[in-house]
Amino acid sequence: MSRPDTRTDPALEARAVSTGYPGAPVIEGLDLAIARGTFTALIGPNGCGKSTLLRAIARLLPLADGAVLLDGRAIASQSTKEVARQVGILPQAPEAPEGLAVIDLVRQGRYPHRALFGRWSPADGAACEEALALTGLETLRDRSLDSLSGGQKQRAWIAMTLAQKSATLLLDEPTTYLDLAHQLDVLDLLKSLVRERGATVVAVLHDLNQAARYADRIVMMKAGEIVAEGPPGTTVTPEAIGAVFGVDAKVVANPVDGTPLMIAVGRLP
Amino acid sequence: MTRAHVLLALAAFVLFGLSLIQGDQPLSLADVAGALAGSDDASPTATLIVHTVRLPRALLALLVGAGLGIAGAITQTVMRNPLAEPGLLGINSGAALAAMILIVGYETTEPHLIPWAAFAGALAMALTIYGLSWRNGASSIRIILIGIGLSALAGAAIGFVSAFGEISAVQRAQVWLAGSIYDARWEKVQVLAAWFVAPMALALLASRDLDLAGFGTYSARGLGQRVHLVVALAILLCSLISAAAVAAAGLIGFVGLIAPHMARRLVGHRHHRLLPAAALAGGVLVLAADLIGRSVIAPAQLPAGLVTTLIGAPFFAFLLWRRRHVAA
Numbered sequence: 008m009s010r011p012d013t014r015t016d017p018a019l020e021a022r023a024v025s026t027g028y029p030g031a032p033v034i035e036g037l038d039l040a041i042a043r044g045t046f047t048a049l050i051g052p053n054g055c056g057k058s059t060l061l062r063a064i065a066r067l068l069p070l071a072d073g074a075v076l077l078d079g080r081a082i083a084s085q086s087t088k089e090v091a092r093q094v095g096i097l098p099q100a101p102e103a104p105e106g107l108a109v110i111d112l113v114r115q116g117r118y119p120h121r122a123l124f125g126r127w128s129p130a131d132g133a134a135c136e137e138a139l140a141l142t143g144l145e146t147l148r149d150r151s152l153d154s155l156s157g158g159q160k161q162r163a164w165i166a167m168t169l170a171q172k173s174a175t176l177l178l179d180e181p182t183t184y185l186d187l188a189h190q191l192d193v194l195d196l197l198k199s200l201v202r203e204r205g206a207t208v209v210a211v212l213h214d215l216n217q218a219a220r221y222a223d224r225i226v227m228m229k230a231g232e233i234v235a236e237g238p239p240g241t242t243v244t245p246e247a248i249g250a251v252f253g254v255d256a257k258v259v260a261n262p263v264d265g266t267p268l269m270i271a272v273g274r275l276p
Numbered sequence: 012m013t014r015a016h017v018l019l020a021l022a023a024f025v026l027f028g029l030s031l032i033q034g035d036q037p038l039s040l041a042d043v044a045g046a047l048a049g050s051d052d053a054s055p056t057a058t059l060i061v062h063t064v065r066l067p068r069a070l071l072a073l074l075v076g077a078g079l080g081i082a083g084a085i086t087q088t089v090m091r092n093p094l095a096e097p098g099l100l101g102i103n104s105g106a107a108l109a110a111m112i113l114i115v116g117y118e119t120t121e122p123h124l125i126p127w128a129a130f131a132g133a134l135a136m137a138l139t140i141y142g143l144s145w146r147n148g149a150s151s152i153r154i155i156l157i158g159i160g161l162s163a164l165a166g167a168a169i170g171f172v173s174a175f176g177e178i179s180a181v182q183r184a185q186v187w188l189a190g191s192i193y194d195a196r197w198e199k200v201q202v203l204a205a206w207f208v209a210p211m212a213l214a215l216l217a218s219r220d221l222d223l224a225g226f227g228t229y230s231a232r233g234l235g236q237r238v239h240l241v242v243a244l245a246i247l248l249c250s251l252i253s254a255a256a257v258a259a260a261g262l263i264g265f266v267g268l269i270a271p272h273m274a275r276r277l278v279g280h281r282h283h284r285l286l287p288a289a290a291l292a293g294g295v296l297v298l299a300a301d302l303i304g305r306s307v308i309a310p311a312q313l314p315a316g317l318v319t320t321l322i323g324a325p326f327f328a329f330l331l332w333r334r335r336h337v338a339a
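Those sequence lines, one after another, are chains A and B.
Using my numbering, the letters of the first sequence map in sequence onto residues 8 to 276.
Using my numbering, the letters of the second sequence map in sequence onto residues 12 to 339.
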């Protein structure tokens, strides 16, 4: 399997990024390159800044310093619609108006592709149908979001981001609140987007073992800094897990595919 | 155009017709039709009543209701709160206060001037609410709480102006303030229509942006919307529409709350359908309120604003009760 050299051709790049909330800087001077056509998992304990980093990369949070580059061009220099055609973001626990139907949510994904007063085009319709099919929501299209289960709701939001047809997808905890089967559905979907369509996916995940199985690269963060970064084989180590989570862990080869499998033994003293 | 729109339009049409027929001097359907058509054998009295009294009144009720409905729908969307409404937020009382100062302080009832004063008041109120609730973005719950506070303040100021104003001017103002459209004149109808055209057309043209504004800030920004710009423009449009409605008919409460809810039930969330439906629903409500207000204790009249409040306050309580399990 040949992949472009990701070190010279990152899809997304954070350069010396500082960001956070008023009076509370979370990240200072952070560098990160997201390789094109890969699945990157952001991992770390609660409050480590992984969601903040994702939001900063997605221009949802203003940068105090530094720059985010998209295909080598500063995001700040592009119009926000232009960025939205290239990067889709699924925020954590997104909100929709009460009583909204699934299809009306998915249609919002076409917003960046339409001119100010432009009409709904066949391409818009096709993108929505494809997004519904990829997430298996065709039969639920007219149902109200409020009437769906947590897993179906999350899939509807993912469908909206897919309808956006951006080459890069950023997802903040897409599997949280889902049961195990639906977690795997979402991860399989993301993986197939990367493998079959060459998409670039960055997701904040909580389950280290799922991250190790599905992601091409893992970024481990603690207190606003990157502690380890690279393929699962080199990042999911007892040392890194100890440093990031403060947990004593054993790492063995996963009997299914040989990826690292972590067993938490207990808290480190 | 959906079936719900047709039904609402039909309801508005029927109420409009009833408004022309009903009154101290009941007219027959034939009288009204003759007067409207301007036929030669129509009775001069009927023609006079229809043309100078009932037609402007019914039109004013329809327009005011449409304005309140649209302003309410926009506010509920951009605040992402189904309880938001220009009336509750204090935008209407800001408009009323400014108009009150003009009417009582300068003793004028010039229909061309009052909307400008009302707009200045509404905009000042909207900007104050937004400015005070701004903390690196304005959360909707903060906007609503500050709006309710400022609304009370404006109400107190209206009371203050009334207490120290010249008696006859205050009396004139009180009737207007209570939300009555009995003082309808063609001039008022024209001014109101002129004020409504541009903001309503803009709101309709921006319906797709309003659709997206109903989502959280992060989702909307992620999809490429300039969220703060859209919210600011929406508030400006709301201030224009509310101010013109308040200038024409005083404070007609709760229509801005109920009409969008009815409309959303009937046609869903998308604004290219929601806004026309909310306008029609608002028109129906104010026409009905005016009709009830001048029928129940005829020949005396209840202001339409009183009737809508009698219906609206329990509805507001019902909405709160239904949302009792929704986390704040």
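If you're looking for bench data, these hints aren't it; they were derived computationally from the structure.
Here a beta-carbon is modelled for each residue, glycine too, at the ideal position from N, C-alpha and C.
Check the hints yourself; a few may be wrong.
Label pairs and their in silico Cβ distance ranges [as the list claims (entries may be wrong)]: (1) B:Leu331 <-> A:Ala83: 19 to 29 Å; (2) B:Leu143 <-> A:Glu136: 37 to 47 Å; (3) B:Trp145 <-> A:Gly106: 27 to 37 Å; (4) A:Leu123 <-> B:Trp145: 20 to 30 Å; (5) B:Leu216 <-> A:Asn53: 43 to 53 Å; (6) A:Pro29 <-> B:Gly28: 49 to 59 Å.
Which bits of chain B does chain A cover? Going by a derived footprint, with three or more residues having C-beta under 8 Å, they are [unchecked claim]: (7) 20-34; (8) 102-109; (9) 231-245; (10) 279-293.
Now the hints, each set against the structure:
At roughly 43 Å, the beta-carbon separation of B:Leu331 and A:Ala83 lies outside the given 19 to 29 Å, and the hint is violated. For the pair B:Leu143 and A:Glu136, the beta carbons lie near 46 Å from each other, so the given range of 37 to 47 Å is met. With their beta carbons about 29 Å apart, B:Trp145 and A:Gly106 fall inside the hinted range of 27 to 37 Å. At roughly 27 Å, the beta carbons of A:Leu123 and B:Trp145 sit within the given window of 20 to 30 Å.
Range check, B:Leu216 to A:Asn53: about 44 Å between beta-carbon atoms, so the 43 to 53 Å window is met. Separation of A:Pro29 from B:Gly28 is about 58 Å and conforms to the stated range, judged on CB atoms against 49 to 59 Å. Residues of the stretch 20-34 of chain B lying with their CB closer than 8 Å to a CB of chain A number 0, which falls below the three-residue condition for coverage. Counting residues of the stretch 102-109 of chain B whose CB lies closer than 8 Å to any CB of chain A gives 0, which falls below the minimum of 3, so the coverage claim is violated.
Only when three residues or more bring their CB closer than 8 Å to a CB of chain A does the claim for the stretch 231-245 of chain B stand; here the count is 6, and the claim holds. Proximity of the stretch 279-293 of chain B to chain A, defined as three or more residues with a beta carbon under 8 Å from a beta carbon of that chain, is established by the 3 residues found.
Violated hints for the displayed structure, listed by number in ascending order: 1, 7, 8.
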